[in-house]
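Chemist: First residue of the sequence shown: 150, per my numbering; consecutive thereafter.
Simulated from the structure, these hints should not be mistaken for lab results. Don't take every hint at face value.
Keeping only pairs whose Cα atoms sit at most 20 Å apart, straight-line, the calculated DMTMM-like set for lysine to aspartate or glutamate is [stated by the list, open to error]:
(1) K244 to E175
(2) K238 to D227
(3) K179 to E197
(4) K237 to E209
(5) K235 to E175
(6) K244 to E234
(7) K244 to E209
(8) K179 to E209
(9) K238 to E209
(10) K237 to E202
(11) K235 to E202
(12) K226 to E197
(13) K238 to E263
(14) K226 to E263
(15) K235 to E209
Per label pair, the in silico range of CB-to-CB distance [to be verified]:
(16) E230 to R180: 18 to 24 Å
(17) S168 to Y257: 22 to 28 Å
(18) A171 to Y257: 23 to 29 Å
(19) N258 to E173: 31 to 37 Å
(20) A171 to A232: 34 to 40 Å
(21) E230 to K179: 39 to 45 Å
(22) Q182 to N258: 37 to 43 Å
(23) K238 to Q182: 29 to 35 Å
(24) A176 to F255: 33 to 39 Å
The C-beta atom is built at its ideal place from N, Cα and C for all residues, glycine as well.
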Amino acid sequence: MNELSSLGLIDSHAHIQGSEYASEVEAVVKRAQEAGVERIIVVGGAGELSSNEAAVSLAESHPALYATVGMHPHDAKDVGEQAIEKLKKLTARAKVIAVGEVGLDFYYNHSPQEVQHGFRPLHSNGDGNPITPCCPRARCAK
Numbered sequence: 150m151n152e153l154s155s156l157g158l159i160d161s162h163a164h165i166q167g168s169e170y171a172s173e174v175e176a177v178v179k180r181a182q183e184a185g186v187e188r189i190i191v192v193g194g195a196g197e198l199s200s201n202e203a204a205v206s207l208a209e210s211h212p213a214l215y216a217t218v219g220m221h222p223h224d225a226k227d228v229g230e231q232a233i234e235k236l237k238k239l240t241a242r243a244k245v246i247a248v249g250e251v252g253l254d255f256y257y258n259h260s261p262q263e264v265q266h267g268f269r270p271l272h273s274n275g276d277g278n279p280i281t282p283c284c285p286r287a288r289c290a291k
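Between the sequences and the hints, there should be enough to build the whole structure, so can you do that?
Modeler: In structure tokens form, the structure reads like this:
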């Protein structure tokens with residue numbers, strides 16, 4: 150049994166790695182813990198590739214934090230092979246516990262649907278089997 154399986158409350162989707170939280174992270178974690186949240190999962194993959202690196206770095210700096218890495222479906226059109234390789238390397242880090250944000254998001258159509266459907270390199274381990282756990286996003290068109 151891993152250490153996450155016997156916990157109380159977990160905030161499973163926090164974007165606290167951005168510069169707007171740089172001086173607030175300790176206070177955010179403290180308030181969450183006072184409210185009964187034992188762990189916070191910092192979700193990478195929103196916008197720039199660097200959000201993943203920041204999520205992992207932040208998770209590695211605090212015992213209550215863990216990270217996911219991925220790329221939001223909005224950004225699928227901008228992700229090249231080099232970025233995919235960086236993300237795959239990040240998934241091997243000890244504090245990375247899931248792949249995400251990944252999936253399909255047709256609400257705003259920032260990336261064409263066919264591009265989103267074709268962007269699955271992080272969704273599987275290369276032999277056709279899905280990677281689990283995963284932090285998927287699925288949102289239909291307006």
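Chemist: Give a verdict on every hint.
Modeler: Going down the list of hints, with the structure as the test:
1. K244 to E175: Between K244 and E175 the Cα gap is close to 18 Å, so the pair holds against 20 Å.
2. K238 to D227: holds (19 Å)
3. K179 to E197: violated (27 Å)
4. K237 to E209: Within the cut-off at roughly 17 Å; holds.
5. K235 to E175: Violated. K235 to E175 sits at ~28 Å, over the 20 Å cutoff.
6. K244 to E234: This hinted pair holds, its Cα atoms lying about 18 Å apart.
7. K244 to E209: holds (6 Å)
8. K179 to E209: Given that 20 Å is the threshold and the Cα spacing comes to 17 Å, the pair holds.
9. K238 to E209: Holds: K238 and E209 sit about 15 Å apart, inside 20 Å.
10. K237 to E202: Distance of about 12 Å is within 20 Å: holds.
11. K235 to E202: holds (9 Å)
12. K226 to E197: holds (12 Å)
13. K238 to E263: Not satisfied, since the Cα-Cα distance of roughly 26 Å exceeds 20 Å.
14. K226 to E263: With a Cα-Cα distance of about 10 Å, the restraint between K226 and E263 holds, given a limit of 20 Å.
15. K235 to E209: Judged against 20 Å, a Cα distance of about 17 Å means the pair holds.
16. E230 to R180: 18 to 24 Å: Because 40 Å falls outside the window, the suggested range is violated.
17. S168 to Y257: 22 to 28 Å: holds (24 Å)
18. A171 to Y257: 23 to 29 Å: holds (28 Å)
19. N258 to E173: 31 to 37 Å: holds (33 Å)
20. A171 to A232: 34 to 40 Å: violated (24 Å)
21. E230 to K179: 39 to 45 Å: Cβ of E230 to Cβ of K179: about 41 Å, so the range 39 to 45 Å holds.
22. Q182 to N258: 37 to 43 Å: Since Q182 and N258 have Cβ atoms about 39 Å apart, the given range 37 to 43 Å holds.
23. K238 to Q182: 29 to 35 Å: Once the Cβ atoms are compared, 31 Å apart, the range 29 to 35 Å for Q182 and K238 holds.
24. A176 to F255: 33 to 39 Å: holds (37 Å)
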